[in-house]
Amino acid sequence: SQQGEEDPQALSIQEGENATMNCSYKTSINNLQWYRQNSGRGLVHLILIRSNEREKHSGRLRVTLDTSKKSSSLLITASRAADTASYFCATERGADGLTFGKGTHLIIQP
Amino acid sequence: DTEVTQTPKHLVMGMTNKKSLKCEQHMGHRAMYWYKQKAKKPPELMFVYSYEKLSINESVPSRFSPECPNSSLLNLHLHALQPEDSALYLCASSQPGVGSYEQYFGPGTRLTVT
Numbered sequence: 004s005q006q007g008e009e010d011p012q013a014l015s016i017q018e019g020e021n022a023t024m025n026c027s028y029k030t031s032i033n034n035l036q037w038y039r040q041n042s043g044r045g046l047v048h049l050i051l052i053r054s055n056e057r058e059k060h061s062g063r064l065r066v067t068l069d070t071s072k073k074s075s076s077l078l079i080t081a082s083r084a085a086d087t088a089s090y091f092c093a094t095e096r097g098a099d100g101l102t103f104g105k106g107t108h109l110i111i112q113p
Numbered sequence: 199d200t201e202v203t204q205t206p207k208h209l210v211m212g213m214t215n216k217k218s219l220k221c222e223q224h225m226g227h228r229a230m231y232w233y234k235q236k237a238k239k240p241p242e243l244m245f246v247y248s249y250e251k252l253s254i255n256e257s258v259p260s261r262f263s264p265e266c267p268n269s270s271l272l273n274l275h276l277h278a279l280q281p282e283d284s285a286l287y288l289c290a291s292s293q294p295g296v297g298s299y300e301q302y303f304g305p306g307t308r309l310t311v312t
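So the sequence lines, in the order shown, correspond to chains A and B. Under our numbering, the letters of the first sequence match residues 4 to 113, in that order. Under our numbering, the letters of the second sequence match residues 199 to 312, in that order.
Excised from the complex, chain A in its bound form (with noise of 0.2 Å):
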């Protein structure tokens, strides 16, 4: 089943503006990562968040984790073209394996 809950299921935006994608989960968790898929190719690995961490960095990223609302943020600013792909959000289940969220598809107009 799936744990995670994407919003919006598919976003397009303008080169150079900031991509917010929202994520919703179900159970207590260890951690929250965030993948990037490109076309029906394999995941690549954004970033994770601790259950005990409310916010995280990374380059042009920025992830929030509020565990109250079980929910999580990922903000994407000043978009390129390379940003277009489908982002995931997956949550660990305790003993390995993660439980995928049904994802968000963004596009970046040129």
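Rather than coming from a laboratory, the hints here were simulated on the basis of the structure. Predicted, not measured: the structure shown is a model, and the values here were computed from it. A portion of the hints provided could be inaccurate.
Pulled a few chain B residues facing chain A out of the computed Cβ check, cut under 8 Å [what the hints assert, rightly or not]:
1) 231
2) 240
3) 241
4) 246
5) 286
6) 288
7) 300
8) 303
9) 304
10) 305
11) 306
Okay, derived cross-link-like pairs now, DSS-like style, lysine-lysine, Cα gap no bigger than 30 Å in a straight line [to be verified]:
12) A/59 with A/105
13) B/239 with A/105
14) B/217 with B/236
15) A/73 with B/236
16) B/207 with A/105
17) B/207 with B/234
18) B/234 with B/220
19) B/216 with B/251
20) B/217 with B/239
21) A/72 with A/105
22) B/217 with B/251
23) A/72 with A/29
24) B/239 with B/220
25) A/72 with B/238
26) B/217 with B/207
27) B/238 with B/216
28) B/234 with A/105
29) B/207 with B/220
30) B/216 with A/29
31) A/73 with B/238
32) A/59 with B/239
33) B/236 with A/105
34) B/234 with A/73
35) B/236 with B/220
36) B/238 with A/59
37) A/29 with B/239
38) A/29 with B/234
39) B/251 with B/220
40) A/105 with A/29
The C-beta atom is built at its ideal place from N, Cα and C for all residues, glycine as well.
Fit chain B to the given chain A structure using the hints.
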């Protein structure tokens, strides 16, 4: 080397065929995973191997048979598949256990069952 390799990239097989998917990593990871991904859907966990032992089987039909010959290799043996098994099969690896470890994914094998 932070790469997970998968072969073949594409596979077309009939419902009576037997084929195998292969996955390899040389990062020293002791946990390896198979995921199945249908078009426009998220990956779904199939199997987890931890220290070369099967630790999680997500109620996958027996026509899928995983094998972990050593700490670097992971196979998925396919037999008598159905057309609905057509999907992208992803392999991943990581450090094992509950330790907030990222997973490294291979590019996947796109399987078509005819």
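We went through each hint and held it up to the structure:
no. : hint             : in the structure
1   : 231              : holds, 6 Å
2   : 240              : holds, 4 Å
3   : 241              : holds, 5 Å
4   : 246              : holds, 5 Å
5   : 286              : holds, 6 Å
6   : 288              : holds, 6 Å
7   : 300              : holds, 4 Å
8   : 303              : holds, 4 Å
9   : 304              : holds, 5 Å
10  : 305              : holds, 4 Å
11  : 306              : holds, 5 Å
12  : A/59 with A/105  : holds, 22 Å
13  : B/239 with A/105 : holds, 6 Å
14  : B/217 with B/236 : holds, 19 Å
15  : A/73 with B/236  : holds, 26 Å
16  : B/207 with A/105 : holds, 24 Å
17  : B/207 with B/234 : holds, 14 Å
18  : B/234 with B/220 : holds, 14 Å
19  : B/216 with B/251 : holds, 23 Å
20  : B/217 with B/239 : holds, 24 Å
21  : A/72 with A/105  : holds, 18 Å
22  : B/217 with B/251 : holds, 22 Å
23  : A/72 with A/29   : holds, 9 Å
24  : B/239 with B/220 : holds, 23 Å
25  : A/72 with B/238  : holds, 27 Å
26  : B/217 with B/207 : holds, 13 Å
27  : B/238 with B/216 : holds, 27 Å
28  : B/234 with A/105 : holds, 14 Å
29  : B/207 with B/220 : holds, 10 Å
30  : B/216 with A/29  : violated, 39 Å
31  : A/73 with B/238  : holds, 24 Å
32  : A/59 with B/239  : holds, 27 Å
33  : B/236 with A/105 : holds, 12 Å
34  : B/234 with A/73  : holds, 26 Å
35  : B/236 with B/220 : holds, 19 Å
36  : B/238 with A/59  : holds, 28 Å
37  : A/29 with B/239  : holds, 19 Å
38  : A/29 with B/234  : holds, 22 Å
39  : B/251 with B/220 : holds, 17 Å
40  : A/105 with A/29  : holds, 13 Å
In summary, the structure is inconsistent with hint 30 from the numbered list given earlier, while agreeing with all the others.
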